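Participant: So the chains spell out like this:
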Amino acid sequence: MIRWLPLAALLALSACSVAPFKTESSASSAGGEAAKTTGSAPQPRSTTGEPIIEPEPAQVIEEPPPAVLEPPAPRPRPKRPPATLTPASEALVAQARAQRKKGDLPGASVALDRALRIEPNNPLLWIEMGQLRMDQQNYPQAENMGRKALAMSIGDDSTQSRAWELIAQSLRARGRNSEAAEAMERARAAAPR
Amino acid sequence: MVAEPVNSGFFPSPRYSMARRKRSAGSRSRLQHGFVVLGLLLTLAALVMLAVLNHRVTKQFEGRRWTLPARVYAQPTDLYVGQQLSAARMAAELEGLGYISLEKPDRPGTFRRKGNELRVHVREFRFPDEKQAARELRLSFADNAITRIRDAGGKDVPVVRLDPLLIGSIFPIHGEDRIVVAPEEVPALLPAALIAVEDRKFESHHGVNPLAILRAAFVNVRAGQIEQGGSTLTQQLVKSYFLDSRRTLRRKAEEAVMAMILDARFEKTDIMNAYINEIYLGQEGRRAIHGFGLASQFYFGKPLAELDLPEIAMLVAVVRGPSYYDPRRHPQRTLDRRNLVLRVLAEQGVIGAEESERAAKEPLGVVEAGGRTGGYYPAFLELVRRQLRRDYDEADLTEAGLTVFSTLDPLIQRASESAVQEELQRLDQSKRKAAHGLEGVVIVTTPQTGEVVALVGGRRSGFDGFNRALDARRPIGSLAKPMVYLAALESGRYTPASLVDDAPVDLKLPNGDRWRPENFDKQVRGTVTLVRALTQSLNLATVNLGLDVGLGRVASAFEQLGLAEAPPELPSMMLGATNLTPIDVAQMYNTLANGGFRAPLRAVRAVIGEDGTPLKAPQLEVSEAVSPEAIYALDRMLTEVMNRGTGRVAKNQLPAGLVVAGKTGTSNDYRDSWFAGFSGTHLIVSWVGHDDNSPTGLTGTTGGLAVWTRLMSTIPTSSFEPLQPEAVDLRWIDYFSGQETSPYCNGSAISMPFAPGTLLEESETCPPSTAPSLFEELLGIDRDSSPEEPPVGQETAPEQAEIP
Numbered sequence: 001m002i003r004w005l006p007l008a009a010l011l012a013l014s015a016c017s018v019a020p021f022k023t024e025s026s027a028s029s030a031g032g033e034a035a036k037t038t039g040s041a042p043q044p045r046s047t048t049g050e051p052i053i054e055p056e057p058a059q060v061i062e063e064p065p066p067a068v069l070e071p072p073a074p075r076p077r078p079k080r081p082p083a084t085l086t087p088a089s090e091a092l093v094a095q096a097r098a099q100r101k102k103g104d105l106p107g108a109s110v111a112l113d114r115a116l117r118i119e120p121n122n123p124l125l126w127i128e129m130g131q132l133r134m135d136q137q138n139y140p141q142a143e144n145m146g147r148k149a150l151a152m153s154i155g156d157d158s159t160q161s162r163a164w165e166l167i168a169q170s171l172r173a174r175g176r177n178s179e180a181a182e183a184m185e186r187a188r189a190a191a192p193r
Numbered sequence: 194m195v196a197e198p199v200n201s202g203f204f205p206s207p208r209y210s211m212a213r214r215k216r217s218a219g220s221r222s223r224l225q226h227g228f229v230v231l232g233l234l235l236t237l238a239a240l241v242m243l244a245v246l247n248h249r250v251t252k253q254f255e256g257r258r259w260t261l262p263a264r265v266y267a268q269p270t271d272l273y274v275g276q277q278l279s280a281a282r283m284a285a286e287l288e289g290l291g292y293i294s295l296e297k298p299d300r301p302g303t304f305r306r307k308g309n310e311l312r313v314h315v316r317e318f319r320f321p322d323e324k325q326a327a328r329e330l331r332l333s334f335a336d337n338a339i340t341r342i343r344d345a346g347g348k349d350v351p352v353v354r355l356d357p358l359l360i361g362s363i364f365p366i367h368g369e370d371r372i373v374v375a376p377e378e379v380p381a382l383l384p385a386a387l388i389a390v391e392d393r394k395f396e397s398h399h400g401v402n403p404l405a406i407l408r409a410a411f412v413n414v415r416a417g418q419i420e421q422g423g424s425t426l427t428q429q430l431v432k433s434y435f436l437d438s439r440r441t442l443r444r445k446a447e448e449a450v451m452a453m454i455l456d457a458r459f460e461k462t463d464i465m466n467a468y469i470n471e472i473y474l475g476q477e478g479r480r481a482i483h484g485f486g487l488a489s490q491f492y493f494g495k496p497l498a499e500l501d502l503p504e505i506a507m508l509v510a511v512v513r514g515p516s517y518y519d520p521r522r523h524p525q526r527t528l529d530r531r532n533l534v535l536r537v538l539a540e541q542g543v544i545g546a547e548e549s550e551r552a553a554k555e556p557l558g559v560v561e562a563g564g565r566t567g568g569y570y571p572a573f574l575e576l577v578r579r580q581l582r583r584d585y586d587e588a589d590l591t592e593a594g595l596t597v598f599s600t601l602d603p604l605i606q607r608a609s610e611s612a613v614q615e616e617l618q619r620l621d622q623s624k625r626k627a628a629h630g631l632e633g634v635v636i637v638t639t640p641q642t643g644e645v646v647a648l649v650g651g652r653r654s655g656f657d658g659f660n661r662a663l664d665a666r667r668p669i670g671s672l673a674k675p676m677v678y679l680a681a682l683e684s685g686r687y688t689p690a691s692l693v694d695d696a697p698v699d700l701k702l703p704n705g706d707r708w709r710p711e712n713f714d715k716q717v718r719g720t721v722t723l724v725r726a727l728t729q730s731l732n733l734a735t736v737n738l739g740l741d742v743g744l745g746r747v748a749s750a751f752e753q754l755g756l757a758e759a760p761p762e763l764p765s766m767m768l769g770a771t772n773l774t775p776i777d778v779a780q781m782y783n784t785l786a787n788g789g790f791r792a793p794l795r796a797v798r799a800v801i802g803e804d805g806t807p808l809k810a811p812q813l814e815v816s817e818a819v820s821p822e823a824i825y826a827l828d829r830m831l832t833e834v835m836n837r838g839t840g841r842v843a844k845n846q847l848p849a850g851l852v853v854a855g856k857t858g859t860s861n862d863y864r865d866s867w868f869a870g871f872s873g874t875h876l877i878v879s880w881v882g883h884d885d886n887s888p889t890g891l892t893g894t895t896g897g898l899a900v901w902t903r904l905m906s907t908i909p910t911s912s913f914e915p916l917q918p919e920a921v922d923l924r925w926i927d928y929f930s931g932q933e934t935s936p937y938c939n940g941s942a943i944s945m946p947f948a949p950g951t952l953l954e955e956s957e958t959c960p961p962s963t964a965p966s967l968f969e970e971l972l973g974i975d976r977d978s979s980p981e982e983p984p985v986g987q988e989t990a991p992e993q994a995e996i997p
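As they're listed, the protein sequences go chains A and B. Residues in the first sequence are numbered consecutively from 1, following our numbering. Residues in the second sequence are numbered consecutively from 194, following our numbering.
Source of the hints: derived by calculation from the structure; they are not laboratory data. Predicted model only: the values in this text are computed from it and were never measured. Be a bit skeptical, because a hint or two may be false.
The calculated EDC-like cross-link candidates involving lysine to aspartate or glutamate, where the alpha carbons are at most 20 Å apart (straight line), are [what the hints assert, rightly or not]:
1) B/Lys809 - A/Asp104
2) B/Lys554 - B/Asp529
3) A/Lys79 - B/Glu286
4) B/Lys348 - A/Glu90
5) B/Lys297 - B/Asp344
6) B/Lys461 - B/Glu377
7) B/Lys252 - B/Asp456
8) B/Lys701 - B/Glu752
9) B/Lys844 - B/Asp862
10) B/Lys554 - B/Glu540
11) B/Lys809 - A/Asp135
12) B/Lys307 - B/Glu323
13) A/Lys102 - B/Glu323
14) A/Lys79 - B/Glu919
15) B/Lys324 - A/Glu119
16) B/Lys297 - B/Glu329
17) A/Lys101 - B/Glu323
If we take Cβ atoms under 7 Å as the criterion, some of the chain B residues that face chain A in the derived model are [said to hold, decoys possible]:
18) Glu317
19) Glu803
20) Pro811
Backbone N, C-alpha and C define an ideal beta-carbon position, used for all residues, glycine too.
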């Protein structure tokens, strides 16, 4: 019984603090606030990344939107620790690298397929696979592996940086130098210092 | 007798001139002359016959060595520290691979388990990247996981493969399947036993054994029918080459001559080896089991080299008549003959009498056909064959001795087969007459890599018939709806909270017909949110949305997700009037399950040639097909289908807390019942229907989803937890009104993603600022954190709304 006493006290305390207060809600956080003050329309992105004007907003807005300012930034999100490999996939990655060095690309492919079966959601393995595709001179797939790694490592700066580096390599290999430079810039920006 | 006139014909004889004078002598000479010519012709004919037979039999004998069907293996099981695998399940898996439990596991193919410790002697195996030597491993387990792997020397091993399960071969249309074994893979007992039982003079005769033929003829005459064959092993081999069981005299003579030719031209050991690889030993559907290598897998689920005395004796017993002595259908008859073989072996001194008696006490030990071991999966093999046909000729596959490493996961394949069979049997017993005798399909993939890990083409899975998974083209019903919502989200004009009209549709089609679709329950709901329209599979809201987005965009969404060709731009396409195969559906939904990355489905990981060189095989490929924001929103909406929509019944059977997403599909008049849905690591597509396309009386929920749930709840899998893209904020909205609300209002608040700065109307009855109740505060729900998880609250009663 005595164990319930602190809980009861807490209960009483929280009862006092509840209801009439208006605490900060999720809606009035940074992004939402900015949008309201500028009064701009929502800015969804098209697949090409260019902002497009929404012709028919989801919710009716009375006044016409004023000149478009900076698109609002999403709410800052927590960072994640860098991805790591389990001992099993680490051994397989080491094996794949040794095989690549010897020029045994099919062998490396088998080793990485095994690792991906063990950890399909580990972005580091997708970066390894991308590097193998570089060796195989399959540059578009090298880039795609990099993009897959990017999508899987949101919030993990060090992995994002490595994925951008891979993308930069694959672009450079295809002579798309300015895009490669941009990707390299993103790799540097993401790199944890 | 014939020899003399032939010789005299070649050389003019002095008697020749005398023949002119004596008339009688002259006619004799003409007669003689006729004999000479006839003899010449006969000899010529015999020589030609001999040459023809020689050519035919030699071609077969030498050619057969090179006509090896491609062997197809399942994925090997990787063992590593941390793997979720109990000692008991590992032991079961080893038994599935034909490993036997021994007190001292001192040879390949044996193991011993003592509680949480397991010692296994792994077989040698040539993997595509390296030849793994046979080796001993010691594994420790705790809490249903591997905690340590060491080799015989005590050194830690980070990861190691078991030899994979052989799942069949790609054999030619005439249906002969075989696994060719080299002489060194054959236990010495086998040829000895064959000689003792079938052909005791094998080592000394010249291909035929006239005495044995006479003896057999005598026995046959006495018995009044053909009972005992006097054929030598060589004759049996010849007979098997030409697949002709007619027992005419002419065939017998031809066979005898060919046997003599073989005997003259080749070594006895070569003939014995050809026999071991050629002889017919069983049948499974249209698949003929040839050779002891495959028969060993077929009957015992393990390699020939590992067979023991009673097992070898049984195979030798089966040689005499694989259908009469079928150990599965006639176990007692086969057992009697096996024991007869054992007695003969002891009589002939091949084995000791004691050994023979002991072996005779053993059971047959035959594994279930296509059951626990030595699986044979024709539907999956067909997918392998079609994928390989892109790079290889049919002849390469059926003759060149390739080894194919496939993506099949035997555990999931067996679970899939049982899920289909059990659910269809349950429906057979239901009161609904239309749901009796249904057919079913299941396809399972791992979405990240696009690997097909299981494929069931019908309820009789071991049967090589119509492969519905690949070839049944059926209307997909509401499985088409996510494509409409994807097109809407990608247009940038819609969010999950946008409102659409669930109002009557009346369209004039180009051909003059009118199209008036209805909701499943014939109700009209007015203005609904996008998320609700998809979750409850509302037909009218979906059609109005799709018409606004544009049919062109909707059609290209199918293509975006991986369908080879966009469907025709007809309004009915939005409600799934399009006919697609289950594998087409799996390809599209794999993209939904893979965060918008398209990964071409593959059933093959690697191919090696007969000499071990790596050959061309489909490679892992991905491409970003959908914007990350749109796919994230769509996937969260598909998760709601399982929380409160047409898929919610699955919750009760699935493991608690497992997050899944998916969509039901029902075609017109309940002809097809579909479900396509995924966890974090598996996509399962299931279809239930009749082959003759008659109504089933089932919706996607009562048919396809039932199979899906049964399967998803039995396989080891993990939650679907897509990572939130950078340019997205999660906000709480009301499921019904789309207004921004607080997680603490009632069960209708759901968390959905929005582009930063999206304006949302605030709920008046329960604004976003609503504080948690006392109860929730106590539970420590943090209101400032992202609303990832729905709050604790009562479920809203969902509306029943499955739409054809």
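Participant: Compare the structure with each hint and give your call.
Facilitator: Hints, verified against the model:
{"no.": "1", "hint": "B/Lys809 - A/Asp104", "verdict": "holds (14 Å)"}
{"no.": "2", "hint": "B/Lys554 - B/Asp529", "verdict": "holds (11 Å)"}
{"no.": "3", "hint": "A/Lys79 - B/Glu286", "verdict": "violated (41 Å)"}
{"no.": "4", "hint": "B/Lys348 - A/Glu90", "verdict": "holds (17 Å)"}
{"no.": "5", "hint": "B/Lys297 - B/Asp344", "verdict": "holds (16 Å)"}
{"no.": "6", "hint": "B/Lys461 - B/Glu377", "verdict": "holds (15 Å)"}
{"no.": "7", "hint": "B/Lys252 - B/Asp456", "verdict": "holds (14 Å)"}
{"no.": "8", "hint": "B/Lys701 - B/Glu752", "verdict": "violated (26 Å)"}
{"no.": "9", "hint": "B/Lys844 - B/Asp862", "verdict": "violated (27 Å)"}
{"no.": "10", "hint": "B/Lys554 - B/Glu540", "verdict": "holds (18 Å)"}
{"no.": "11", "hint": "B/Lys809 - A/Asp135", "verdict": "holds (16 Å)"}
{"no.": "12", "hint": "B/Lys307 - B/Glu323", "verdict": "violated (31 Å)"}
{"no.": "13", "hint": "A/Lys102 - B/Glu323", "verdict": "holds (14 Å)"}
{"no.": "14", "hint": "A/Lys79 - B/Glu919", "verdict": "holds (11 Å)"}
{"no.": "15", "hint": "B/Lys324 - A/Glu119", "verdict": "violated (24 Å)"}
{"no.": "16", "hint": "B/Lys297 - B/Glu329", "verdict": "holds (11 Å)"}
{"no.": "17", "hint": "A/Lys101 - B/Glu323", "verdict": "holds (16 Å)"}
{"no.": "18", "hint": "Glu317", "verdict": "violated (17 Å)"}
{"no.": "19", "hint": "Glu803", "verdict": "violated (16 Å)"}
{"no.": "20", "hint": "Pro811", "verdict": "violated (11 Å)"}
In summary, the numbered hints that this structure violates are 3, 8, 9, 12, 15, 18, 19, 20.
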